[in-house]
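Chains as they are written, first to last, in the numbering used here: chain W, 1 to 483; chain C, 1 to 100.
Please keep in mind that the hints were generated in silico from the structure rather than gathered at the bench. Note that CB positions come from ideal geometry on N, CA and C, so glycine has one too. Each hint should be verified, as a subset may be incorrect.
Stretch-level coverage of chain W by chain C, calculated; a stretch enters the list once three of its residues show a Cβ under 8 Å from a Cβ in chain C [as the list claims (entries may be wrong)]:
| # | region |
| --- | --- |
| 1 | 90-103 |
| 2 | 222-231 |
| 3 | 262-274 |
| 4 | 309-317 |
| 5 | 436-446 |
Straight-line Cα separation of at most 30 Å, DSBU-like style, residue types lysine-lysine; simulated pairs [claimed, not checked]:
| # | chain 1 | residue 1 | chain 2 | residue 2 |
| --- | --- | --- | --- | --- |
| 6 | W | Lys65 | C | Lys79 |
| 7 | C | Lys87 | W | Lys331 |
| 8 | W | Lys427 | C | Lys87 |
| 9 | C | Lys79 | W | Lys399 |
| 10 | W | Lys458 | C | Lys87 |
| 11 | W | Lys170 | C | Lys87 |
| 12 | W | Lys427 | C | Lys79 |
| 13 | W | Lys84 | C | Lys79 |
| 14 | C | Lys79 | W | Lys131 |
| 15 | C | Lys75 | W | Lys394 |
| 16 | C | Lys87 | W | Lys65 |
| 17 | C | Lys75 | W | Lys427 |
| 18 | C | Lys87 | W | Lys176 |
| 19 | W | Lys399 | C | Lys41 |
| 20 | W | Lys80 | C | Lys79 |
| 21 | W | Lys84 | C | Lys41 |
| 22 | W | Lys84 | C | Lys38 |
| 23 | W | Lys80 | C | Lys38 |
Not everything, but these chain C residues come out facing chain W in the computed CB check (under 7 Å) [unchecked claim]:
| # | residue |
| --- | --- |
| 24 | Ala26 |
| 25 | Ala52 |
| 26 | Phe55 |
| 27 | Asn66 |
| 28 | Arg70 |
| 29 | Ala74 |
| 30 | Asn77 |
| 31 | Lys79 |
| 32 | Ala80 |
| 33 | Ala81 |
| 34 | Met83 |
| 35 | Ile84 |
| 36 | Leu90 |
| 37 | Ser91 |
Each chain is listed here by its residues.
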Amino acid sequence: MALKKAAKKTEPAGPPQLLWRRDGASCLVTNDFGQYAWLKKKDFDLLLAGRLGGKHPRYAALADKGFIRDRLDFDGLAAKWRSKNAFLNSGPGLHILVLTLRCNHKCLYCQSAAAGPGARDTDMSAATAKKCVDFAFQSPNPGITIEFQGGEPLLNWEALKAAVLHARGKAKKTGKNLSLALVSNFSLMTEEKAQFLMEQEVSICTSLDGPADLHNRNRVFCGGNSHAATVKWLKFFQARHARQVPEYRVFKPSALLTVSRYSLGRHKEIIDEYVKAGLEDVFVRPLAPIGYAKNLWGQIGYEAKDFADFYLKSLDYILKLNRRGVVIREKMAAMMLDKIVNARDPGYLDARCPCGAAIGQIAYNYNGDLYTCDEGRMVGWEGDDAFKIGNVRKDTYRKVLTSGAARACVLSSNLESQPDCARCAYKPYCGVCPVYNYEAQGSLWGDMATNDRCGLFKGIFGALFALLKKPGNETILKNWVGK
Amino acid sequence: MTKKQNKGGLVADAAVYSAEALQLAAFVYSDRAEISIKAGKGVFNVSFCGEAPGFHPGDYMNEVLNQQCRLDLAKQNSKAAGMIATKALLSAAGGTKKKA
């Protein structure tokens with residue numbers, strides 16, 4: 001009997017699914033489970049060729065992260081994917097109630113299409129506010145966050161109070177975990193209002209754009225000094241947070257920074273202002289060419305590279321302060337790091353796949369109209385209801401969540417269907433915004449090759465991964481998200 | 001893949017670009033130019049009129065390429081993309097009641 005010919009030696013199989021990006025002499029590799037590794041060029045070539053053997057010093061670590069085909073822990077990796085993408089199972093958790101379009105500020109970059117303080121026809125009635133709360137509680141999400149926005153929401157105090165009390169009652173009945181949040185410029189805050197908000201455990205967020213001259217230039221307030229009111233009430237809530245009482249929990253106040261053209265070059269002063277105000281987070285947010293800001297882009301806008309430069313300098317300065325023992329972190333970086341380091345979803349709806357439009361958040365306009373998100377509502381105010389998903393009085397919850405706009409946003413923000421994103425090394429941590437794409441590029445899908453938001457996110461991820469390569473920085477950054 | 005046609009039009013190779021990609025891109029650019037697409041033998045003839053200031057046919061073709069890449073990718077990734085989108089939408093819409 002003839003002997004069988006020896007089987008030809010087969011080529012080693014390549015690596016399992018991975019995404020990669022070159023950076024000088026090294027390569028960043030990531031995978032859909034949210035794992036990452038930096039490899040030298042020759043090790044990357046070995047990995048791609050499936051020749052990175054068991055004796056290689058990086059083999060065990062790469063196998064643990066799901067980069068070695070023969071050593072995939074399917075159960076463990078699937079658990080990581082599920083945990084990272086748990087939001088796919090939960091439905092909208094964030095419900096933004098726009099209590100009024102009226103505002104007593106005239107901020108240069110305002111996206112929210114504010115009306116003058118006298119325009120009471122843009123107030124949400126208490127009855128509509130309660131309807132909105134009822135609608136929010138129909139979400140299958142066990143955790144409901146209701147955020148009160150405007151305009152300036154304190155201009156419609158009665159509706160705010162009614163919504164807060166109604167929501168607390170609903171939470172008691174349904175057993176859902178309720179968080180309440182107020183975004184205010186503080187100009188109308190009083191001790192009486194503050195007391196009610198603290199007793200009802202409403203967390204407080206404001207805007208702080210830096211030192212007085214810069215803040216007041218961006219946030220024009222004819223009725224007084226915007227910066228002074230902001231700092232005064234930040235201190236008030238901080239003091240109350242420091243001396244808690246047993247009856248209720250007082251949250252530490254937080255602030256948002258919007259970077260206009262006037263902010264560029266002043267990163268140190270801005271961050272120092274945050275430290276001085278006792279804040280532990282600074283959320284360095286770029287302007288978006290949406291709503292009112294789109295019309296003033298020539299005056300206050302900038303190119304993505306200008307913001308990236310500002311952002312990187314800010315991050316660098318924050319790390320310097322951290323090394324000196326100052327407690328402060330950049331919020332966007334912290335949220336991205338939570339994904340990168342802990343493979344956890346920090347609840348940042350703008351960087352999810354699919355994005356949070358409708359499936360993660362709903363914006364409730366003063367008249368009960370429902371939008372995929374607050375940015376979508378701003379587009380609506382400009383006369384284009386592409387992102388309107390219904391009305392709280394006319395439509396059922398199910399009809400709203402299966403509306404054309406909701407489905408279109410989910411499909412167009414799915415990175416698996418986005419040409420550049422599907423192959424991008426940052427895909428496991430990133431997300432696109434259909435509203436931004438629509439406003440800036442004329443389609444929900446956008447074109448990432450020329451998309452400024454994409455360029456910005458790539459810059460931020462690039463900086464974070466580069467920082468994580470250096471052991472000194474890595475320790476500090478991991479501490480930011482260590483809790 | 002594309003070449004210039006007389007009178008500022010373009011010819012797109014039908015082996016590379018689908019009519020769907022050309023039409024989708026034309027819709028994206030509908031506020032900047034009136035774009036008409038006619039099928040020829042192995043090609044699409046694209047012509048422009050009423051162009052807004054700053055409109056360039058090359059920008060339109062970049063968008064055609066973007067749409068074509070997206071359509072090609074959709075064929076490859078449709079299973080994973082469909083599962084993610086379906087899961088997200090169904091979960092958000094709430095539980096479906098099973099018929100007894």
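> Quick check: which numbered hints come out false for this structure?
Replying inline: Hints 2, 3, 4, 14, 15, 19, 21, 22, 23, 24, 25, 26, 31, 34 and 36 not satisfied by this model.
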